[in-house]
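> Turn these sequences into a full structure, and let the hints guide you.
When we follow this note's numbering, the leftmost residue of the sequence shown carries the number 730, and every step to the right adds one.
If you are wondering where the hints come from, they were derived from the structure by calculation, not from laboratory data. Relax, there's no trap hidden among the hints.
Derived SDA-like pairs: lysine to any residue, alpha-carbon spacing no greater than 20 Å straight-line:
1) Lys-1226 - His-926
2) Lys-1047 - Gly-1168
3) Lys-1084 - Ser-1195
4) Lys-1028 - Phe-952
5) Lys-953 - Lys-1028
6) Lys-880 - Leu-899
7) Lys-1028 - Asn-954
8) Lys-948 - Ser-1026
9) Lys-880 - Asp-834
10) Lys-933 - Leu-1223
11) Lys-948 - Pro-1024
12) Lys-910 - Leu-782
13) Lys-1032 - Gly-1238
14) Lys-910 - Ala-898
15) Lys-880 - Glu-901
16) Lys-972 - His-936
17) Lys-847 - Ser-802
18) Lys-953 - Gly-999
19) Lys-1047 - Gly-1228
20) Lys-1047 - Leu-1076
21) Lys-910 - Phe-814
22) Lys-768 - Lys-933
23) Lys-1035 - Gly-1072
24) Lys-910 - Val-1112
25) Lys-948 - Asp-995
26) Lys-768 - Arg-812
27) Lys-768 - Gln-821
28) Lys-847 - Glu-794
29) Lys-768 - Phe-814
Simulated restraints on C-beta separations:
30) Thr-967 - Pro-1196: 45 to 53 Å
31) Glu-1186 - Trp-850: 46 to 54 Å
32) Arg-1085 - Ser-911: 43 to 51 Å
33) Thr-1190 - Ile-843: 51 to 59 Å
34) Asp-995 - Gly-1055: 41 to 49 Å
Cβ atoms here follow ideal geometry from the backbone N, Cα and C, with glycine treated the same way.
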Amino acid sequence: DWERTSHTTSLSIRSRDGPNMSVLEALDIAIKTASTLDKYPARQHAQRVAQALDVDQGLIYLPGEQTINWPDSNQPRAFRQLRYFLYLSGCQEPDCFVTYDIATDRLVLWLAPIDPRKVVWTGRGSTVREALDKYDIDEARFTPSLDHYLKKWVARHAGSVYLLHPNNALAESLPHRINSKSLRPAMDECRVIKDSHEISLVRKANHISALAHEKVLRKLRSFKNEAQIEAEILDVCTAHGAKHQAYSIIAGSGPNAAILHYVKNDEDFGDRQLMCLDAGAEWQGYAADVTRTFPLSGKWPSKEAKQIYDLVQHMQTKCMDMLGPGKRFVDAQYLAHLVAIEGLLDLGIFHNGSKREIYEAGTSVAFFPHGLGHHMGLEVHDVSTVLTKSTATDVHDKVAPEITQHLPDIDNNTELRSLSTNIVPAMWSSALSETSAPGLRPGNVVTCEPGIYFNREALETVFLPSPVHSEYINKTVLERFMPVGGVRIEDDLLITKDGWENLTTAAKGEAALRMIRGEV
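In C-alpha coordinates:
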(Lines of atoms letter the chains of each structure in order from A and count residues from 1; the text may use other names and numbers.)
(Lines give C-alpha, C1' and ligand atoms only; values in the text may rest on other atoms or scores of the structure.)
Protein backbone atom coordinates (compact mmCIF):
# COMPACT_ATOMS: atom_id res chain seq x y z
CA ASP A 1 0.00 0.00 0.00
CA TRP A 2 1.01 3.62 -0.30
CA GLU A 3 3.50 4.71 2.30
CA ARG A 4 2.08 7.46 4.52
CA THR A 5 4.58 9.99 5.84
CA SER A 6 4.43 13.55 7.11
CA HIS A 7 5.79 14.85 3.81
CA THR A 8 5.46 13.96 0.14
CA THR A 9 5.67 10.21 -0.26
CA SER A 10 7.70 8.27 -2.76
CA LEU A 11 6.06 7.73 -6.13
CA SER A 12 4.66 4.50 -7.43
CA ILE A 13 2.77 3.67 -10.62
CA ARG A 14 1.24 0.36 -9.65
CA SER A 15 -1.93 0.25 -11.70
CA ARG A 16 -4.55 -0.35 -9.05
CA ASP A 17 -7.13 1.61 -11.00
CA GLY A 18 -7.60 -0.39 -14.15
CA PRO A 19 -5.78 -0.67 -17.44
CA ASN A 20 -6.86 2.68 -18.91
CA MET A 21 -5.16 4.85 -16.31
CA SER A 22 -2.44 7.15 -17.60
CA VAL A 23 1.01 7.15 -16.05
CA LEU A 24 0.52 10.77 -14.97
CA GLU A 25 -2.69 9.91 -13.12
CA ALA A 26 -1.02 6.92 -11.49
CA LEU A 27 1.82 9.15 -10.34
CA ASP A 28 -0.64 11.71 -9.03
CA ILE A 29 -2.38 9.13 -6.89
CA ALA A 30 0.78 8.59 -4.88
CA ILE A 31 1.12 12.21 -3.78
CA LYS A 32 0.34 12.70 -0.08
CA THR A 33 0.60 16.00 1.73
CA ALA A 34 1.22 16.46 5.41
CA SER A 35 -0.57 19.37 6.96
CA THR A 36 -4.16 18.86 8.10
CA LEU A 37 -4.18 21.79 10.49
CA ASP A 38 -6.48 23.93 8.37
CA LYS A 39 -8.33 21.18 6.57
CA TYR A 40 -11.89 20.10 7.13
CA PRO A 41 -11.54 16.94 9.30
CA ALA A 42 -12.98 14.46 6.82
CA ARG A 43 -10.91 11.49 8.01
CA GLN A 44 -11.95 12.05 11.60
CA HIS A 45 -15.57 12.16 10.47
CA ALA A 46 -15.16 8.93 8.50
CA GLN A 47 -13.65 7.22 11.54
CA ARG A 48 -16.54 8.38 13.73
CA VAL A 49 -19.09 7.09 11.23
CA ALA A 50 -17.33 3.72 11.08
CA GLN A 51 -17.44 3.55 14.86
CA ALA A 52 -21.16 4.38 14.80
CA LEU A 53 -21.74 1.62 12.24
CA ASP A 54 -20.03 -0.75 14.69
CA VAL A 55 -18.48 -2.97 12.00
CA ASP A 56 -14.89 -4.03 11.39
CA GLN A 57 -15.04 -3.99 7.61
CA GLY A 58 -17.05 -2.48 4.82
CA LEU A 59 -16.91 0.29 2.25
CA ILE A 60 -18.77 3.58 2.63
CA TYR A 61 -19.70 4.96 -0.78
CA LEU A 62 -21.18 8.44 -1.27
CA PRO A 63 -21.79 10.48 -4.40
CA GLY A 64 -21.45 14.24 -4.41
CA GLU A 65 -23.78 16.60 -6.22
CA GLN A 66 -23.71 15.99 -9.95
CA THR A 67 -23.88 18.71 -12.59
CA ILE A 68 -27.40 18.98 -13.95
CA ASN A 69 -29.29 21.51 -16.03
CA TRP A 70 -32.63 23.00 -15.14
CA PRO A 71 -35.54 21.17 -16.84
CA ASP A 72 -36.00 22.20 -20.47
CA SER A 73 -32.94 24.43 -20.29
CA ASN A 74 -29.26 24.42 -21.15
CA GLN A 75 -28.47 26.41 -18.01
CA PRO A 76 -26.97 24.48 -15.09
CA ARG A 77 -28.78 24.34 -11.80
CA ALA A 78 -26.97 26.25 -9.05
CA PHE A 79 -24.46 23.94 -7.38
CA ARG A 80 -24.96 22.98 -3.74
CA GLN A 81 -22.87 20.12 -2.42
CA LEU A 82 -24.68 17.15 -0.91
CA ARG A 83 -24.27 17.43 2.83
CA TYR A 84 -23.49 13.82 3.71
CA PHE A 85 -20.81 13.78 1.02
CA LEU A 86 -19.42 17.06 2.32
CA TYR A 87 -19.25 15.65 5.85
CA LEU A 88 -16.97 12.81 4.68
CA SER A 89 -14.86 14.79 2.21
CA GLY A 90 -14.84 18.54 2.81
CA CYS A 91 -15.01 18.82 -0.97
CA GLN A 92 -17.12 21.53 -2.61
CA GLU A 93 -16.56 20.39 -6.21
CA PRO A 94 -19.25 18.88 -8.46
CA ASP A 95 -19.32 15.39 -9.98
CA CYS A 96 -17.16 13.76 -7.29
CA PHE A 97 -17.52 10.65 -5.12
CA VAL A 98 -15.95 9.47 -1.88
CA THR A 99 -15.18 5.99 -0.56
CA TYR A 100 -13.96 4.94 2.85
CA ASP A 101 -12.56 1.47 3.50
CA ILE A 102 -13.36 0.79 7.14
CA ALA A 103 -10.85 -2.02 7.66
CA THR A 104 -7.88 -0.13 6.22
CA ASP A 105 -9.01 3.33 7.41
CA ARG A 106 -8.53 4.70 3.90
CA LEU A 107 -10.48 7.67 2.56
CA VAL A 108 -10.44 8.19 -1.20
CA LEU A 109 -11.84 11.20 -3.04
CA TRP A 110 -12.88 10.50 -6.62
CA LEU A 111 -12.51 13.59 -8.80
CA ALA A 112 -14.28 14.54 -11.99
CA PRO A 113 -11.93 14.01 -14.94
CA ILE A 114 -10.49 17.16 -16.43
CA ASP A 115 -12.02 17.75 -19.87
CA PRO A 116 -9.98 20.25 -21.94
CA ARG A 117 -13.11 21.10 -23.92
CA LYS A 118 -14.85 22.37 -20.78
CA VAL A 119 -11.92 24.16 -19.17
CA VAL A 120 -12.26 27.19 -21.43
CA TRP A 121 -15.94 27.57 -20.52
CA THR A 122 -16.20 26.70 -16.84
CA GLY A 123 -12.66 26.10 -15.64
CA ARG A 124 -11.64 22.80 -14.13
CA GLY A 125 -11.84 20.97 -10.86
CA SER A 126 -8.88 19.92 -8.77
CA THR A 127 -6.03 17.81 -10.00
CA VAL A 128 -5.01 14.91 -7.80
CA ARG A 129 -2.11 16.87 -6.34
CA GLU A 130 -4.36 19.84 -5.60
CA ALA A 131 -7.00 17.66 -3.98
CA LEU A 132 -4.47 16.00 -1.69
CA ASP A 133 -3.21 19.41 -0.70
CA LYS A 134 -6.69 20.83 0.00
CA TYR A 135 -8.59 17.93 1.52
CA ASP A 136 -8.06 15.64 4.50
CA ILE A 137 -7.96 12.42 2.48
CA ASP A 138 -5.60 9.52 1.90
CA GLU A 139 -5.88 9.33 -1.86
CA ALA A 140 -7.38 11.20 -4.77
CA ARG A 141 -8.29 9.49 -8.01
CA PHE A 142 -10.37 10.21 -11.09
CA THR A 143 -13.89 8.83 -11.44
CA PRO A 144 -13.40 6.79 -14.65
CA SER A 145 -11.66 4.13 -12.54
CA LEU A 146 -14.32 4.09 -9.79
CA ASP A 147 -16.39 1.20 -11.16
CA HIS A 148 -13.29 -0.96 -11.49
CA TYR A 149 -12.31 -0.08 -7.92
CA LEU A 150 -15.74 -1.03 -6.53
CA LYS A 151 -15.80 -4.40 -8.28
CA LYS A 152 -12.25 -5.12 -7.20
CA TRP A 153 -13.05 -4.19 -3.61
CA VAL A 154 -16.11 -6.45 -3.50
CA ALA A 155 -14.12 -9.34 -4.98
CA ARG A 156 -11.45 -9.03 -2.29
CA HIS A 157 -13.52 -8.22 0.82
CA ALA A 158 -16.47 -9.73 2.63
CA GLY A 159 -17.98 -6.55 4.05
CA SER A 160 -20.97 -4.57 2.84
CA VAL A 161 -20.98 -1.50 0.65
CA TYR A 162 -22.79 1.16 2.66
CA LEU A 163 -25.02 3.63 0.81
CA LEU A 164 -27.31 6.41 2.00
CA HIS A 165 -30.09 5.41 -0.39
CA PRO A 166 -30.96 2.33 -2.44
CA ASN A 167 -29.20 2.26 -5.79
CA ASN A 168 -30.59 -0.20 -8.31
CA ALA A 169 -27.62 0.01 -10.65
CA LEU A 170 -25.15 -0.76 -7.88
CA ALA A 171 -27.39 -3.48 -6.49
CA GLU A 172 -27.34 -5.22 -9.86
CA SER A 173 -23.58 -4.89 -10.33
CA LEU A 174 -22.80 -5.75 -6.70
CA PRO A 175 -25.55 -8.24 -5.76
CA HIS A 176 -26.16 -9.03 -2.08
CA ARG A 177 -23.47 -6.59 -0.96
CA ILE A 178 -25.42 -3.35 -0.64
CA ASN A 179 -26.54 -2.00 2.75
CA SER A 180 -28.67 1.15 2.40
CA LYS A 181 -30.24 1.09 5.87
CA SER A 182 -27.40 1.57 8.33
CA LEU A 183 -25.35 4.49 7.01
CA ARG A 184 -27.76 7.39 7.40
CA PRO A 185 -28.57 6.84 11.10
CA ALA A 186 -24.87 6.34 11.80
CA MET A 187 -23.97 9.58 10.04
CA ASP A 188 -26.81 11.46 11.70
CA GLU A 189 -25.60 10.33 15.10
CA CYS A 190 -22.19 11.79 14.27
CA ARG A 191 -23.44 14.99 12.68
CA VAL A 192 -25.48 16.10 15.71
CA ILE A 193 -22.24 16.40 17.73
CA LYS A 194 -20.10 19.13 16.20
CA ASP A 195 -16.32 19.00 16.55
CA SER A 196 -14.19 22.09 17.13
CA HIS A 197 -13.65 22.68 13.40
CA GLU A 198 -17.35 22.56 12.67
CA ILE A 199 -18.08 24.89 15.57
CA SER A 200 -15.56 27.37 14.18
CA LEU A 201 -17.43 27.36 10.86
CA VAL A 202 -20.80 27.97 12.53
CA ARG A 203 -19.18 30.72 14.58
CA LYS A 204 -17.81 32.35 11.41
CA ALA A 205 -21.21 32.12 9.71
CA ASN A 206 -22.73 33.86 12.73
CA HIS A 207 -20.06 36.56 12.71
CA ILE A 208 -20.75 37.45 9.09
CA SER A 209 -24.50 37.28 9.69
CA ALA A 210 -24.15 39.70 12.61
CA LEU A 211 -22.22 42.13 10.42
CA ALA A 212 -25.02 42.00 7.86
CA HIS A 213 -27.83 42.40 10.41
CA GLU A 214 -26.12 45.34 12.06
CA LYS A 215 -25.43 47.02 8.71
CA VAL A 216 -29.17 46.81 8.05
CA LEU A 217 -29.88 48.44 11.41
CA ARG A 218 -27.48 51.30 10.72
CA LYS A 219 -28.97 51.98 7.27
CA LEU A 220 -32.60 51.19 8.10
CA ARG A 221 -33.85 54.77 8.21
CA SER A 222 -32.78 55.22 4.58
CA PHE A 223 -34.70 52.14 3.42
CA LYS A 224 -38.25 52.24 2.09
CA ASN A 225 -39.00 48.59 1.34
CA GLU A 226 -38.23 44.97 2.19
CA ALA A 227 -36.16 44.42 -0.96
CA GLN A 228 -33.56 46.93 0.20
CA ILE A 229 -33.08 44.97 3.41
CA GLU A 230 -32.62 41.72 1.49
CA ALA A 231 -30.13 43.40 -0.84
CA GLU A 232 -28.11 44.77 2.08
CA ILE A 233 -27.86 41.34 3.70
CA LEU A 234 -26.64 39.80 0.45
CA ASP A 235 -24.18 42.63 -0.15
CA VAL A 236 -22.50 42.40 3.25
CA CYS A 237 -22.35 38.61 3.30
CA THR A 238 -20.94 38.38 -0.21
CA ALA A 239 -18.36 41.07 0.50
CA HIS A 240 -17.14 39.00 3.46
CA GLY A 241 -16.79 35.81 1.43
CA ALA A 242 -20.16 34.21 2.25
CA LYS A 243 -21.62 33.98 -1.24
CA HIS A 244 -24.52 31.78 -0.18
CA GLN A 245 -27.26 32.21 2.38
CA ALA A 246 -28.09 29.23 4.56
CA TYR A 247 -31.76 29.74 3.62
CA SER A 248 -33.93 32.25 1.82
CA ILE A 249 -33.92 35.64 3.53
CA ILE A 250 -37.10 36.52 5.41
CA ALA A 251 -37.62 40.29 5.59
CA GLY A 252 -41.24 40.66 6.62
CA SER A 253 -42.67 44.04 7.56
CA GLY A 254 -46.03 44.61 9.23
CA PRO A 255 -48.42 41.71 8.55
CA ASN A 256 -45.71 39.88 6.62
CA ALA A 257 -43.85 39.41 9.91
CA ALA A 258 -46.62 36.96 10.82
CA ILE A 259 -45.80 34.70 7.84
CA LEU A 260 -43.17 32.32 9.16
CA HIS A 261 -41.38 31.69 5.87
CA TYR A 262 -42.20 34.90 4.03
CA VAL A 263 -39.61 35.26 1.26
CA LYS A 264 -41.21 37.61 -1.29
CA ASN A 265 -39.54 40.61 0.35
CA ASP A 266 -41.08 42.99 -2.17
CA GLU A 267 -43.40 45.33 -0.25
CA ASP A 268 -43.01 48.93 0.86
CA PHE A 269 -42.88 49.75 4.55
CA GLY A 270 -45.54 52.45 4.44
CA ASP A 271 -46.80 53.01 7.98
CA ARG A 272 -45.98 49.52 9.22
CA GLN A 273 -44.61 49.07 12.72
CA LEU A 274 -42.08 46.23 12.81
CA MET A 275 -39.64 44.27 10.69
CA CYS A 276 -38.95 40.59 11.34
CA LEU A 277 -35.59 39.85 9.71
CA ASP A 278 -34.53 36.20 9.58
CA ALA A 279 -31.25 35.83 7.69
CA GLY A 280 -28.19 33.65 8.15
CA ALA A 281 -25.07 33.27 6.07
CA GLU A 282 -23.47 29.99 5.06
CA TRP A 283 -19.74 29.58 5.61
CA GLN A 284 -17.97 26.63 3.97
CA GLY A 285 -21.20 24.67 4.06
CA TYR A 286 -22.21 25.52 7.64
CA ALA A 287 -25.23 27.61 8.54
CA ALA A 288 -26.10 30.47 10.81
CA ASP A 289 -29.76 31.10 11.65
CA VAL A 290 -30.43 34.56 13.07
CA THR A 291 -33.70 36.42 13.59
CA ARG A 292 -34.14 39.93 14.88
CA THR A 293 -37.32 41.98 15.15
CA PHE A 294 -37.18 45.74 15.45
CA PRO A 295 -39.32 48.85 14.90
CA LEU A 296 -38.79 50.39 11.50
CA SER A 297 -38.50 53.86 13.02
CA GLY A 298 -35.97 52.93 15.68
CA LYS A 299 -38.55 53.70 18.38
CA TRP A 300 -41.42 51.58 19.61
CA PRO A 301 -44.41 52.76 17.54
CA SER A 302 -47.01 51.47 19.98
CA LYS A 303 -47.35 50.16 23.49
CA GLU A 304 -48.60 46.87 22.02
CA ALA A 305 -45.48 46.37 19.89
CA LYS A 306 -43.19 46.87 22.87
CA GLN A 307 -45.30 44.53 25.02
CA ILE A 308 -45.13 41.70 22.49
CA TYR A 309 -41.40 42.17 21.99
CA ASP A 310 -40.83 42.06 25.74
CA LEU A 311 -42.93 38.90 26.00
CA VAL A 312 -40.93 37.11 23.29
CA GLN A 313 -37.68 38.23 24.87
CA HIS A 314 -38.91 36.83 28.19
CA MET A 315 -39.84 33.55 26.49
CA GLN A 316 -36.35 33.25 25.03
CA THR A 317 -34.59 34.06 28.31
CA LYS A 318 -36.64 31.53 30.27
CA CYS A 319 -36.13 28.82 27.65
CA MET A 320 -32.39 29.44 27.35
CA ASP A 321 -32.12 29.07 31.12
CA MET A 322 -33.48 25.54 30.74
CA LEU A 323 -31.01 24.38 28.10
CA GLY A 324 -27.75 22.59 28.72
CA PRO A 325 -26.24 19.11 28.78
CA GLY A 326 -28.80 16.52 29.82
CA LYS A 327 -31.70 18.92 29.42
CA ARG A 328 -34.55 17.94 27.13
CA PHE A 329 -35.18 20.46 24.40
CA VAL A 330 -38.83 19.43 24.31
CA ASP A 331 -39.27 20.64 27.90
CA ALA A 332 -38.16 24.12 26.86
CA GLN A 333 -40.72 23.90 24.05
CA TYR A 334 -43.45 23.25 26.61
CA LEU A 335 -42.21 26.05 28.82
CA ALA A 336 -42.25 28.50 25.91
CA HIS A 337 -45.98 27.87 25.48
CA LEU A 338 -46.66 28.31 29.18
CA VAL A 339 -44.73 31.59 29.31
CA ALA A 340 -46.55 32.78 26.19
CA ILE A 341 -49.94 31.92 27.67
CA GLU A 342 -49.14 33.69 30.91
CA GLY A 343 -48.04 36.79 29.01
CA LEU A 344 -51.06 36.80 26.71
CA LEU A 345 -53.33 36.44 29.74
CA ASP A 346 -51.66 39.44 31.36
CA LEU A 347 -52.17 41.46 28.17
CA GLY A 348 -55.84 40.47 27.96
CA ILE A 349 -55.55 38.66 24.63
CA PHE A 350 -56.41 35.44 26.43
CA HIS A 351 -59.31 35.39 28.88
CA ASN A 352 -62.06 33.14 30.25
CA GLY A 353 -59.64 30.41 31.23
CA SER A 354 -56.66 29.45 33.32
CA LYS A 355 -53.15 28.99 32.00
CA ARG A 356 -53.62 25.24 32.30
CA GLU A 357 -56.97 25.20 30.47
CA ILE A 358 -55.65 27.27 27.59
CA TYR A 359 -52.52 25.14 27.41
CA GLU A 360 -54.44 21.88 27.31
CA ALA A 361 -56.74 23.25 24.61
CA GLY A 362 -53.73 24.07 22.44
CA THR A 363 -54.93 27.64 21.86
CA SER A 364 -51.43 29.04 22.29
CA VAL A 365 -50.65 27.58 18.86
CA ALA A 366 -52.73 30.43 17.42
CA PHE A 367 -49.93 32.81 18.38
CA PHE A 368 -46.87 30.53 18.63
CA PRO A 369 -47.32 28.05 15.78
CA HIS A 370 -43.81 26.64 15.37
CA GLY A 371 -41.18 24.74 17.29
CA LEU A 372 -38.84 26.48 19.68
CA GLY A 373 -35.78 25.45 17.72
CA HIS A 374 -33.82 22.84 15.83
CA HIS A 375 -30.33 21.50 15.31
CA MET A 376 -27.98 23.43 13.06
CA GLY A 377 -24.89 22.57 11.07
CA LEU A 378 -24.47 21.52 7.46
CA GLU A 379 -28.18 22.24 7.09
CA VAL A 380 -29.95 25.15 8.72
CA HIS A 381 -32.47 22.56 9.93
CA ASP A 382 -29.82 19.95 10.55
CA VAL A 383 -30.22 16.24 11.14
CA SER A 384 -31.50 15.27 14.55
CA THR A 385 -31.49 12.20 16.70
CA VAL A 386 -31.72 14.29 19.86
CA LEU A 387 -34.83 16.45 19.96
CA THR A 388 -37.23 13.50 19.93
CA LYS A 389 -37.51 9.75 20.42
CA SER A 390 -35.71 8.54 23.50
CA THR A 391 -36.42 6.96 26.84
CA ALA A 392 -34.78 9.62 29.00
CA THR A 393 -37.02 10.47 31.96
CA ASP A 394 -34.74 11.98 34.57
CA VAL A 395 -34.29 15.55 33.40
CA HIS A 396 -37.31 17.42 34.79
CA ASP A 397 -35.60 19.13 37.70
CA LYS A 398 -36.33 22.66 36.49
CA VAL A 399 -39.62 22.05 34.70
CA ALA A 400 -42.88 23.37 36.11
CA PRO A 401 -45.12 20.50 37.25
CA GLU A 402 -47.85 21.35 34.75
CA ILE A 403 -45.42 20.70 31.90
CA THR A 404 -44.99 17.05 32.78
CA GLN A 405 -48.35 16.38 34.39
CA HIS A 406 -50.67 18.02 31.86
CA LEU A 407 -49.20 17.53 28.42
CA PRO A 408 -51.53 17.93 25.42
CA ASP A 409 -53.02 14.57 24.41
CA ILE A 410 -53.04 14.68 20.64
CA ASP A 411 -54.51 11.19 20.26
CA ASN A 412 -57.72 12.00 22.14
CA ASN A 413 -58.15 15.69 21.31
CA THR A 414 -59.93 16.50 18.04
CA GLU A 415 -58.82 20.13 18.10
CA LEU A 416 -55.16 19.22 18.53
CA ARG A 417 -55.35 16.63 15.76
CA SER A 418 -56.80 19.29 13.47
CA LEU A 419 -54.04 21.74 14.36
CA SER A 420 -51.43 19.06 13.82
CA THR A 421 -52.77 18.29 10.36
CA ASN A 422 -53.60 21.76 9.11
CA ILE A 423 -51.39 24.30 10.88
CA VAL A 424 -48.20 23.03 12.47
CA PRO A 425 -47.47 19.40 11.58
CA ALA A 426 -43.71 19.63 12.08
CA MET A 427 -43.92 21.23 15.50
CA TRP A 428 -46.95 19.60 17.08
CA SER A 429 -46.62 16.04 15.86
CA SER A 430 -42.87 15.94 16.36
CA ALA A 431 -41.73 18.13 19.22
CA LEU A 432 -44.80 18.57 21.40
CA SER A 433 -46.11 15.02 21.12
CA GLU A 434 -42.75 13.42 21.95
CA THR A 435 -42.37 13.38 25.73
CA SER A 436 -39.47 10.92 25.75
CA ALA A 437 -36.80 13.05 24.09
CA PRO A 438 -33.21 12.56 25.25
CA GLY A 439 -31.05 15.20 26.80
CA LEU A 440 -28.91 17.59 24.83
CA ARG A 441 -25.19 16.84 24.64
CA PRO A 442 -22.06 18.97 24.46
CA GLY A 443 -21.35 19.71 20.82
CA ASN A 444 -25.00 20.11 19.86
CA VAL A 445 -25.77 23.41 18.15
CA VAL A 446 -29.43 24.36 18.47
CA THR A 447 -31.51 27.44 17.85
CA CYS A 448 -33.78 29.07 20.41
CA GLU A 449 -36.39 31.05 18.50
CA PRO A 450 -39.66 31.80 20.27
CA GLY A 451 -42.18 34.06 18.60
CA ILE A 452 -45.62 35.61 18.92
CA TYR A 453 -47.56 36.27 15.71
CA PHE A 454 -50.85 37.84 14.70
CA ASN A 455 -51.68 36.15 11.41
CA ARG A 456 -55.15 37.37 10.53
CA GLU A 457 -55.92 34.63 8.03
CA ALA A 458 -54.95 31.82 10.41
CA LEU A 459 -56.87 33.41 13.27
CA GLU A 460 -60.02 34.09 11.26
CA THR A 461 -60.15 30.79 9.39
CA VAL A 462 -58.99 28.32 12.04
CA PHE A 463 -59.01 29.63 15.59
CA LEU A 464 -61.76 32.21 15.96
CA PRO A 465 -64.42 30.01 14.30
CA SER A 466 -63.57 27.21 16.73
CA PRO A 467 -65.73 27.15 19.86
CA VAL A 468 -62.82 25.64 21.76
CA HIS A 469 -60.35 28.40 20.94
CA SER A 470 -62.61 31.43 20.50
CA GLU A 471 -63.76 31.09 24.11
CA TYR A 472 -60.25 31.96 25.26
CA ILE A 473 -59.46 34.77 22.76
CA ASN A 474 -60.64 38.30 23.50
CA LYS A 475 -61.40 39.60 20.01
CA THR A 476 -61.59 43.25 21.06
CA VAL A 477 -58.16 43.22 22.67
CA LEU A 478 -56.77 41.08 19.86
CA GLU A 479 -57.64 43.73 17.29
CA ARG A 480 -55.42 46.25 19.07
CA PHE A 481 -52.44 43.94 18.64
CA MET A 482 -52.99 42.98 15.00
CA PRO A 483 -50.79 45.82 13.61
CA VAL A 484 -47.83 44.34 15.50
CA GLY A 485 -47.64 41.59 12.87
CA GLY A 486 -45.16 39.29 14.50
CA VAL A 487 -42.07 39.12 16.69
CA ARG A 488 -39.40 36.42 16.62
CA ILE A 489 -35.99 36.43 18.29
CA GLU A 490 -33.52 33.69 17.37
CA ASP A 491 -30.04 32.82 18.57
CA ASP A 492 -27.76 29.85 17.89
CA LEU A 493 -26.57 28.05 21.01
CA LEU A 494 -23.62 25.69 21.38
CA ILE A 495 -24.28 23.20 24.15
CA THR A 496 -21.19 22.90 26.37
CA LYS A 497 -20.31 20.71 29.32
CA ASP A 498 -21.33 23.52 31.68
CA GLY A 499 -24.35 24.95 29.87
CA TRP A 500 -24.33 26.78 26.57
CA GLU A 501 -22.54 29.47 24.59
CA ASN A 502 -24.47 31.92 22.43
CA LEU A 503 -22.78 31.95 19.03
CA THR A 504 -25.02 34.75 17.76
CA THR A 505 -23.64 38.23 18.30
CA ALA A 506 -26.05 40.38 16.27
CA ALA A 507 -27.44 43.28 18.29
CA LYS A 508 -30.98 42.96 19.61
CA GLY A 509 -33.32 44.77 21.94
CA GLU A 510 -32.31 48.27 23.00
CA ALA A 511 -28.82 47.84 21.50
CA ALA A 512 -30.40 47.34 18.08
CA LEU A 513 -32.63 50.38 18.50
CA ARG A 514 -29.63 52.56 19.32
CA MET A 515 -27.99 51.42 16.09
CA ILE A 516 -31.09 52.31 14.10
CA ARG A 517 -31.18 55.76 15.65
CA GLY A 518 -27.48 56.30 14.94
CA GLU A 519 -26.53 56.59 18.60
CA VAL A 520 -23.77 53.95 18.38
